[in-house]
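Asks: Using the hints, position chain C against chain X.
Number of protein chains: 2
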Amino acid sequence: MKTNHCKIVDCTIRDGGLVNNWDFSIEFVQNLYAGLNEAGVDYMEIGYKNSPKLLKGADQVGPWRFLNDDFLRKVIPQKGNTKLSALVDIGRVDEDDILPREESMLDLIRVACYIKDVDKALDLVQKFHDLGYETTVNIMALSNVMEHELIEAFQMIRESVVDVVYIVDSYGSLDHNDVKHLVEKFKQHLPNKRLGVHTHNNMQLAFSNTLIAAELGVELLDASVYGMGRAAGNCPTELLVTHLKHSKYSLRPVLDIIERFMIPLREKEEWGYIIPYMITGTLDEHPRSAMALRVSDDKDKAVEFYDRLTTPETAIPKSK
Amino acid sequence: MKTNHCKIVDCTIRDGGLVNNWDFSIEFVQNLYAGLNEAGVDYMEIGYKNSPKLLKGADQVGPWRFLNDDFLRKVIPQKGNTKLSALVDIGRVDEDDILPREESMLDLIRVACYIKDVDKALDLVQKFHDLGYETTVNIMALSNVMEHELIEAFQMIRESVVDVVYIVDSYGSLDHNDVKHLVEKFKQHLPNKRLGVHTHNNMQLAFSNTLIAAELGVELLDASVYGMGRAAGNCPTELLVTHLKHSKYSLRPVLDIIERFMIPLREKEEWGYIIPYMITGTLDEHPRSAMALRVSDDKDKAVEFYDRLTTPETAIPKSK
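Keeping their order, the protein sequence lines are chains X and C. Counted from 1, the first sequence has number 70 at position 70 by UniProt numbering; the numbering is strictly sequential. Counted from 1, the second sequence has number 37 at position 37 by UniProt numbering; the numbering is strictly sequential.
Treat the hints as calculated values from the structure; they're not laboratory data. Hints are not guaranteed to be accurate.
Remember, identical chains collapse to one label, so a pair may be satisfied in a single copy or spanning two.
Said to hold, decoys possible - BS3-like cross-link-like pairs, simulated, lysine-lysine; straight-line CA separation at most 25 Å: (1) K245 x K180; (2) K127 x K245; (3) K245 x K187; (4) K79 x K7; (5) K268 x K301; (6) K7 x K185; (7) K248 x K53; (8) K7 x K83; (9) K268 x K299; (10) K53 x K74; (11) K116 x K185; (12) K180 x K53; (13) K120 x K193; (14) K83 x K245; (15) K248 x K79; (16) K268 x K116; (17) K185 x K120.
Chain X on its own, in the form it takes in the complex:
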């Protein structure tokens, strides 16, 4: 498998933060950065660059939700080869918060959006690009996008300055054929853009789908250590560093992070292949219903949950 072109973007803090409300200690993040840097991982997405002014409940979450350059300089006083990335959401970012790249700790700013907001995402991308950052646009929930919407988005993207366009399997519902179909379509319509992929593990296909995409030429591969990410989690960083044919990566520093930080963390926080997430994945749905189930007393009532999601509203009520 030819994957020399690939770069790994570790999203442990950013996507994993959706699991624990970004409650990572500075020590945790510093150790993660050191480990990823030693492992040869190309990018670390260290959080969101949203504005606390534009989000409710901002005082209840960790600092990785609203990255601040002064803070980041204290966290990582000495940068290694691993670049730093941040994600922003449409409507939650204050553009005045973003320093020019040469004054910032960040190298890459990624904009996540649904298909209907690609135009807004590209406006932001233009601003970040003008400030000197590498940029990506991450189109979420692609499994629920209709062909004509995608074609329209492609036209705008093609004419934009964005460096990389992401295929995002938000619901963990895609298999290798779906990934192949999407990558081929993106390549066909966006011949001037590099591609990225972000997967979720609802059906235990996150790693496999990432490998398939890599082999088809996708360059930026999102992953997280021990798969930590919302709900079923992501493609595990440890599997990519050991399996990609790319001599610069090494597994040992990632194992060290897992042993010292992720195994104890997984005792307290939950993510991964868990049946309700498998159910939303196979039904091609957002995991929010399963996330709600998992914090309820009925967390293991898989059949009732499945019935609820698959019974049309017109079904006969169970009891009078």
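Replies: For chain C alone, coordinates are given in the frame of chain X:
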């Protein structure tokens, strides 16, 4: 994806028995059979048909290690559409134990062997075939087999009566390219045989590899409910029944089994994607060293374990 040709062989009791010493209650097995039958699963491998006379410590394991037809008739008084299968190991089966198929509860007998014993496996297959059973030969540890050994084995298999030949990824070390390579080779050399696949989940590729094999024409797909199987476990039955394009399968009865039996069982017994198993998988090794680690006090010491497996014996001793 065209997978109409596929049949699922659920190995929960047989391969899962390697986790809990076949300590499944009769109620558990009866419920599993009912659930699999309702889900449309084609075969249930209900254990090993080895002889207690030929195995040490036979009195310390559950009855599913040494299936007996009188016992089976009590367990499953009424068979549904789901056929019953048993596995035998070379040198551990007493051929006189095997009834003619019309007097037996079993439909399928599978013979597991390493490449060097394919001749012995085929001798057994001939006997089971003559007794009226469907037969398979399951060649284990294919990732460690040299080309010329395989070619030699193919010749014997081609001329044998065996119905199905299995590709077995014993170490969970294969990726989709490896599976594709093996399936193409098997198809080329065994044009007169049907194929099967048995995967392990050390690198979270068991389901994906099974799908890839199915798409390439492999017919019998091994799986187990909630992935229960030795070490990292197998391809999860629930994922196959929901994802294979084959209208006869249904997910709900499998979810019911998971909810009532597998979730509580997983609290007591351990299998699945666990870092030491990932390490033996990526190193293409038998998981026995990782299994020993997992029952020791050092069960989460991943780095030390990795170092031990990757340091040549000639390395400088750590201390004098």
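Asks: Each hint should be assessed against the structure and marked as holding or not.
Replies: Hints, one by one, checked against the model:
no.: 1; hint: K245 x K180; verdict: both (20 Å within a copy, 18 Å between copies)
no.: 2; hint: K127 x K245; verdict: neither (36 Å within a copy, 46 Å between copies)
no.: 3; hint: K245 x K187; verdict: within (23 Å within a copy, 27 Å between copies)
no.: 4; hint: K79 x K7; verdict: within (18 Å within a copy, 53 Å between copies)
no.: 5; hint: K268 x K301; verdict: both (21 Å within a copy, 19 Å between copies)
no.: 6; hint: K7 x K185; verdict: within (21 Å within a copy, 32 Å between copies)
no.: 7; hint: K248 x K53; verdict: neither (41 Å within a copy, 53 Å between copies)
no.: 8; hint: K7 x K83; verdict: within (11 Å within a copy, 48 Å between copies)
no.: 9; hint: K268 x K299; verdict: both (16 Å within a copy, 18 Å between copies)
no.: 10; hint: K53 x K74; verdict: within (23 Å within a copy, 68 Å between copies)
no.: 11; hint: K116 x K185; verdict: within (18 Å within a copy, 47 Å between copies)
no.: 12; hint: K180 x K53; verdict: neither (40 Å within a copy, 52 Å between copies)
no.: 13; hint: K120 x K193; verdict: within (18 Å within a copy, 57 Å between copies)
no.: 14; hint: K83 x K245; verdict: within (21 Å within a copy, 42 Å between copies)
no.: 15; hint: K248 x K79; verdict: within (18 Å within a copy, 56 Å between copies)
no.: 16; hint: K268 x K116; verdict: neither (37 Å within a copy, 47 Å between copies)
no.: 17; hint: K185 x K120; verdict: within (22 Å within a copy, 51 Å between copies)
Violation of the numbered hints given earlier is confined to hints 2, 7, 12, 16; the remaining hints are satisfied by the structure.
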